[in-house]
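S.K.: Listed below are the residues making up each chain.
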Amino acid sequence: MKIKDGIGIFLAAFMLVCFSFPTGVLISAASDGDVIIIGNKNVPASSLSKKDIQNIYLGRKTKWDNNQKIIFVTLKKGEVHKRFIKEYVGKTSAQYRNYWKKQVFTGKGKAPKCFDAEEKLVDYVANTEGAIGYISSGTNKDSVKTISTN
Amino acid sequence: MKKTAIIFITILMSVAFAKNIRAAELGSVDIHGFISQGYLYSDSYNYLANDTEGGTFQFNEVGINFSKDLTDELRVGMQFFARDLGDLNNDEVILDWAFADYHWRDWAGLRAGKLKVPFGLYNETRDIDLLRTSVLLPSGVYLESFRDAFVGLKGVGLYGDVSLGIMGGAAYQLQLGTMNVDNDNGIAKMIESLLSFNMSTGMSRQMGTSVDVDVDVTDFKVDEVYNGALQWNTPLEGLRLGSSIFLADFKADADIDLTAIAMGIVDGEFEFRDLVAYTLSAEYTWENLVLACEYFNLEMDVCSDLTKTPKELEGYYVGASYRFTDWFELGTYYSVAYPDATDKDGNKRVLLGEKDYSAWSKDLALSSRFDINEYWVFKMEGHWMDGTAYLLDVDNPDGFPDKNWFMFAAKLSFNF
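First to last, the sequence lines map onto chains A and B. Residue numbers for the first sequence, in our numbering: 356 to 505. Residue numbers for the second sequence, in our numbering: 701 to 1116.
Worth flagging that the hints you see were computed from the coordinates, not collected in a lab. Each hint should be verified, as a subset may be incorrect.
Simulated coverage check for chain B against chain A, where a stretch passes if three residues somewhere in it have a Cβ under 8 Å from a Cβ of chain A [to be verified]: (1) 756-767; (2) 800-807; (3) 828-839; (4) 906-918; (5) 921-932; (6) 1043-1050.
Small disclaimer: the values here were computed from a predicted structure and weren't measured. No residue lacks a Cβ here, since even glycine has one placed at the ideal position from N, Cα and C.
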């Protein structure tokens, strides 16, 4: 069996697996909707640059200006999560997940805590010193502070 | 050792399924793990594993790690790892990494213990299949033979992330230490093949007749190893450029089988002096598209009591991957590897009675990746190969009659 048979094997196996999966929807742009950056009320920053937020969520900036540890949290999935990761971190959700798996499996870092629901994320940020997160504009955020971006 | 591996895998699976399959926590200790099972098939040669011609399942990796933040600045962790690749490793459990990490500032931290070696974009993560699109990394830069040697370093490392303002940011790692290299792993097998070939051809030339010499490496001694890596996250979003360098000297004790000239088996010592290996890397990510290219070069002097032979290896690849849906990704790369950078067209090989195509390995790979869910990944890929460089005589006793050949690889991985 030579090269042309190899091509046949690969294509046959590929098609078999493809048709075994549910039909997927091609990745589309996130729908419109504001993403709000929130922080614990004792977080010293009231505004952050996009670069700061990217550095925080990639583990490159680990402390606030008052030397308090930054605890950044994420949503597990959904449009708000996708939009935040794309706009502020510059990655897709899959790329971001892999980035943190790389840190975890090389011992270089601890993956951020993630939440299924925005309300749970808000509760965690409200009760955790130094915490930062993001939610959609419609979610109640009375217990946390809103951090503007510039 | 198989019993140890079975216990290891059982612990891994128990932790994974103990309560859901999210990352486990034991007290405040984080526990993560991965396990992958692969299949390799080659239509002509035994490559990587010694029984790929006809297909083999002796291709797996298992790892579990434990880590804990002791303070805001101090973190400790360790990872146990086992893998099998044909007749290599055989699921022997090793300490993959184990270090204390003092993160003093974002621009300066210190690690001490057994560290992963940053070399090229993907060396630190080459054991973790789920982090990439392809099953096999491009051999032009990530030689399988060097995998065990480049995987971990016992010593200390400085690291940090530095903001460069409008010029983006840079990440650096500097390491100093040494390493244990097993005398029956991939690099030993490659060196045995290289030395046997060199000595056989040298003696054949001297004696005017064909002489077979077998070299069996019995021990490696590695002096200090220096390693550094610099990555520049450029102002162009998604573009990162990097370079890494690896400096080492090591010795290999060997048994040299000279029964062909009635001298029996004699002891020998070979030195690999002034080894300098480096990579140049570029990766550009634009939404779901990732483009990457890397260049690899390694130079050293292979010395015995009487001879000193300079050796230069070279390789490169260009690759691309695109994620079409949440669960489906395609990737491709074209990788070129030269075991002798001064003989890229194979003329020297021809003079030694070898085929010219034994001077190169050119690999066109097409990979498909299916993310079944967050924890499970399945991959398949084809490799259309040109050339037989890095195929070992010991695994291919029938020689290398075919210039072009095909390899298929598949892998199912789970992580938590």
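S.K.: Taking the hints in turn, state whether each one holds.
M.R.: How the hints compare with the structure:
1. 756-767: holds (count 3)
2. 800-807: Check passed, 3 qualifying residues.
3. 828-839: holds (count 3)
4. 906-918: Per the Cβ count (0), the hint is violated.
5. 921-932: violated (count 0)
6. 1043-1050: violated (count 0)
The structure fails to meet hints 4, 5 and 6 from the earlier list, while all remaining hints are met.
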